[in-house]
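Positions in the sequence shown are counted from 1; adding 312 to them yields our numbering.
Any given hint could turn out to be false.
Subject to a maximum C-alpha distance of 25 Å in a straight line, what follows is the list of computed BS3-like cross-link-like pairs (lysine-lysine) [as the list claims (entries may be wrong)]:
1) 607 with 755
2) 756 with 607
3) 515 with 503
4) 505 with 533
5) 911 with 765
No lab work stands behind these hints, which were simulated from the structure alone.
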Amino acid sequence: MTSPRLPLTVDDSEDDTLELDLVDLTSEDKAHADGLVDIGQRTTNQADVSNNAARSHTRSWTPTNEIDSYTLSDGTRIRRGGFVELKCPQHRQAQAEPSGDFIRIERILKHRSTGEVTLEGHRFVREKYLVRKSFDGAHPRPDVTKEHPTNERKGPRLNELVMHLTVREDDDRPAIVQGLENVKISEVKRKRKVILTSTWYPKFSFRDQAHLYVHLADRPKLEQRLHILETGPLVCRWSRTSIMSPNGKIYGGIYEYFQPHVHAKPPSKNSRYTFFDMFCGAGGSTQGARQAGLKVLGGLDHDEPAIQAWAENNSGSIDLNMDSFDFLCNEIWKIIGRCDVLNISHPCRPFSPAHTKDGKDDEANIDQLHVIKDLIEALKPRVVVLENTSGLANLEGNQKYFHKVLNDISSAGSGYNLGYKIINMADYGLPQERKRLIIIAAKKGHPLPPFPKPTHGPEGSGLKPYVSIGHALQRLERLGHRALQDKYYKVHKQVPTQERVYNPYTKFVDCLTTKGATCPHPSGEEFCPRELAELQSLPPNFHLMGSWRQATKQVGNMFPPLMAELIYRSCAQTLEAFDHGLINADDKIDDINITLIEKGVDIPGSSLASALLFDSGDSVSVSPYRYIKPPVLSDAARVEHSSAWAKRKFGEYGLVGGSDDEVVVTREETRVKRKAMTSTRERDFWNGYNGIMMDLTGD
313 MTSPRLPLTV DDSEDDTLEL DLVDLTSEDK AHADGLVDIG QRTTNQADVS
363 NNAARSHTRS WTPTNEIDSY TLSDGTRIRR GGFVELKCPQ HRQAQAEPSG
413 DFIRIERILK HRSTGEVTLE GHRFVREKYL VRKSFDGAHP RPDVTKEHPT
463 NERKGPRLNE LVMHLTVRED DDRPAIVQGL ENVKISEVKR KRKVILTSTW
513 YPKFSFRDQA HLYVHLADRP KLEQRLHILE TGPLVCRWSR TSIMSPNGKI
563 YGGIYEYFQP HVHAKPPSKN SRYTFFDMFC GAGGSTQGAR QAGLKVLGGL
613 DHDEPAIQAW AENNSGSIDL NMDSFDFLCN EIWKIIGRCD VLNISHPCRP
663 FSPAHTKDGK DDEANIDQLH VIKDLIEALK PRVVVLENTS GLANLEGNQK
713 YFHKVLNDIS SAGSGYNLGY KIINMADYGL PQERKRLIII AAKKGHPLPP
763 FPKPTHGPEG SGLKPYVSIG HALQRLERLG HRALQDKYYK VHKQVPTQER
813 VYNPYTKFVD CLTTKGATCP HPSGEEFCPR ELAELQSLPP NFHLMGSWRQ
863 ATKQVGNMFP PLMAELIYRS CAQTLEAFDH GLINADDKID DINITLIEKG
913 VDIPGSSLAS ALLFDSGDSV SVSPYRYIKP PVLSDAARVE HSSAWAKRKF
963 GEYGLVGGSD DEVVVTREET RVKRKAMTST RERDFWNGYN GIMMDLTGD
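Put together the whole structure using the sequences plus the hints.
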């Protein structure tokens, strides 16, 4: 039922428009008896303090405690997720209808010694302080017609807000993290309600709630406007991200309307590579594929609770609860058709080093190896990724199975080139020494994607420090009482530090299995399923199904999404480079960025919206690539192993110093650079969580 027409002639345009001033807020498998691996002395991995000093998003290092809520002077209580209106700054008070900005609260902090309270959150600004009259505030969709005339009006609108973030070019953290600001509680005017929506104007605006303003019909226009300004609904439909160069000047921006879903926004190009997950379990590998920007067609698993969890995590994709033989023999595969990337994580228990006696399902699990060739020939993927236990390759009794897998993949269809490697996932930020066999295969006529380079290592390696159990579990601790709503989480008994079974900040888990961790929780109790999920790099909203035992099995069987994403992103980047004619099928690729630079390929920066949205002038170049990213500082750490041409090209990107004759990146320089910027792969991993930083890298 639609609202009655507003009995007012309120002009919702904002006449006094101005640009917002920049806010200056000056292999070999070794058994470990206790299931723990000592990672040695950890080092703090903080960003370069000298670079952070001038950034508005830098978090304070003052001793503070996070509190659940705070009562304002007018008696209203504010909490995380709520909005407050700030007092109007002095430079706006001489303007017509002056207003302060708004903050969406992410944390409420209280100083331990002074008791001073500050709010940490994101800034929202009225459109009139950001938008010129010539801007089409609605930015109509392609299907917008005369049925939506309000979408075509131009200029800022009354009580419409913009989420405004300021980020730096030389900071690789997500905008949603960089954009956090701290404001003192003394700057807060009052609590306000703000509606965040993906719907089009005037939905949820004061014009959509006419019945609330009938009593104003006979009032002067200015009085009507002031009443709506002060008490009317505030609505935000889009965000603006201003990008600053190192010299502090804004040189570009990104303009995005809110999406009607909570998942990460897919890449902006029209074509996405497709993905099918065979033996998908609850969906660890699928989660990694989504984070890498692939389009998930479906997943198959015979375990009912696991495929139910997969379906919960992948709405819109096809979930198949069946045996792989039925999938092939009954031609169910025709529902899926072809895919670009096929993942095969067939049951690994019979081949695991931890499997010391025969089980009742061993024969059935080993039989799954026989379908690999038929699967590839049916789905005709361009790239195949196979993940399994390291024991399939390095245990003598499994050699016949391993060679069968290699032969079946290489001979499937018109043939596949492949590479395999045993990877210790601790080298990629996982808090466990999980050794897994990874096979990457590419159809003949396609280049073979490279294995991702390690991102974490011991002190002095120039890489990020290894991630400990303690650091990986910090996010659950920060969730506090909210974590208690999860039936797969429990609070452990409080144990004094000196009585803990071990120091969680100096250890990581030997491995996770279908029965849980091979070591106890620091309290001496067992890890709960949600903690195990954290140790596997799953997001906090990832669905598990069934009993605790079933959920533990689902987590233990997973291909950790952190590692899966790095693999699939490498595959997607290689396919994209090949499809654009940037590389050849016979190129030997060790690092896609270095290969492209050696070939003289100029990789454009991230896609930016045209400056014409707000100002006249030249538009910003848009990248033609979805998956290929420009190199960043941490990629330059490997340039010393590349050709002179690659060294010069890295120099042109401003990533390395020195002359054309000799470019040397010292270990100390690499370490300093890595403090200021994460790697391309890690950056995209965090973006996969809508910019919410998972605390898997330490503080």
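Now the hints, each set against the structure:
1. Annotation: proposed proximity of residue 607 to residue 755 holds, straight-line Cα distance about 20 Å (limit 25 Å).
2. For the suggested pair residue 756 and residue 607, the alpha carbons sit about 23 Å apart, so the restraint of at most 25 Å is met.
3. Restraint check for residue 515 and residue 503: the C-alpha separation of about 22 Å stays at or below 25 Å, so the hint holds.
4. Simply put, residue 505 and residue 533 have alpha-carbon atoms about 24 Å apart, close enough for the 25 Å limit, and the pair holds.
5. For the hint pairing residue 911 with residue 765, the CA-to-CA distance comes to about 20 Å; that is within 25 Å, so the pair holds.
Going through the hint list in order, the structure satisfies each hint without exception.
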